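> Sequence:
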Amino acid sequence: MRKKATNKRKRNLKEEKEASNHKNPSNSSIEDAAASNKDKAVVVTKTKRTKTSKPVSEPEFFEEKRNLWDQLDMVYQYKWNFSNLEVVSPFPPSDKIGVNSVQREAEEILPMKQMKMDWVPYIPLENR
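Taken in order, the sequence shown gives residues 55 to 182; the numbers are from the numbering used here.
Simulated from the structure, these hints should not be mistaken for lab results.
As the structure is a prediction and not an experimental result, all values here were calculated from the model.
Mixed in with the good hints there might be a few duds.
To be verified - With a Cα cut of at most 25 angstroms, we get these calculated DSS-like pairs of lysine-lysine: (1) K150 / K133; (2) K102 / K62; (3) K100 / K71; (4) K100 / K62; (5) K167 / K150; (6) K64 / K119; (7) K100 / K64; (8) K68 / K108.
As the list claims (entries may be wrong) - Pairwise CB distance ranges (calculated): (9) T106 / Q131: 53 to 59 angstroms; (10) K170 / L139: 21 to 27 angstroms; (11) S155 / S107: 43 to 49 angstroms.
Note that beta-carbon positions come from the ideal geometry of N, C-alpha and C, so glycine has one too.
Starting from the given sequences, assemble the full structure and let the hints guide the process.
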């Protein structure tokens, strides 16, 4: 598309030069300078296309159809017992961790404290 536009411009300039040479041959150098300035002016005055922005609409908020407070009450209707999760063992948990990665050729064993994952014994409030 640009080639077509520049070709048209060149043709128009040639036609103007020929027409001016036929009218007044002594002013041809002045008109040549004016034509070159005109070419420069065309390049400078090109305008960029402005992008049209999409209209920004405010977000729509819908009222919550569910009653979450009823669901919260349902949680407390059961008597939860997590005693099965408490494990008593004569052996302390491991104080080392193995770090393995695809980028490493071998597994690296590091102390848990270095990884900030060390274990702290739980002492119940009654025994403190």
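> Could you run down the list of hints and mark each one as holding or not?
These are the hints, each one checked on the structure:
1. K150 / K133: At roughly 37 angstroms apart (the allowed maximum being 25 angstroms), K133 and K150 break the hint.
2. K102 / K62: OK: K102 and K62 at ~21 angstroms, within 25 angstroms.
3. K100 / K71: holds, 23 angstroms
4. K100 / K62: OK: K100 and K62 at ~16 angstroms, within 25 angstroms.
5. K167 / K150: holds, 8 angstroms
6. K64 / K119: violated, 70 angstroms
7. K100 / K64: Roughly 17 angstroms separates the two Cα atoms, so the pair holds.
8. K68 / K108: The given pair, whose Cα atoms are some 44 angstroms apart, is violated under the 25 angstroms limit.
9. T106 / Q131: 53 to 59 angstroms: holds, 57 angstroms
10. K170 / L139: 21 to 27 angstroms: Since the Cβ atoms of K170 and L139 sit about 24 angstroms apart, the hinted range of 21 to 27 angstroms holds.
11. S155 / S107: 43 to 49 angstroms: holds, 46 angstroms
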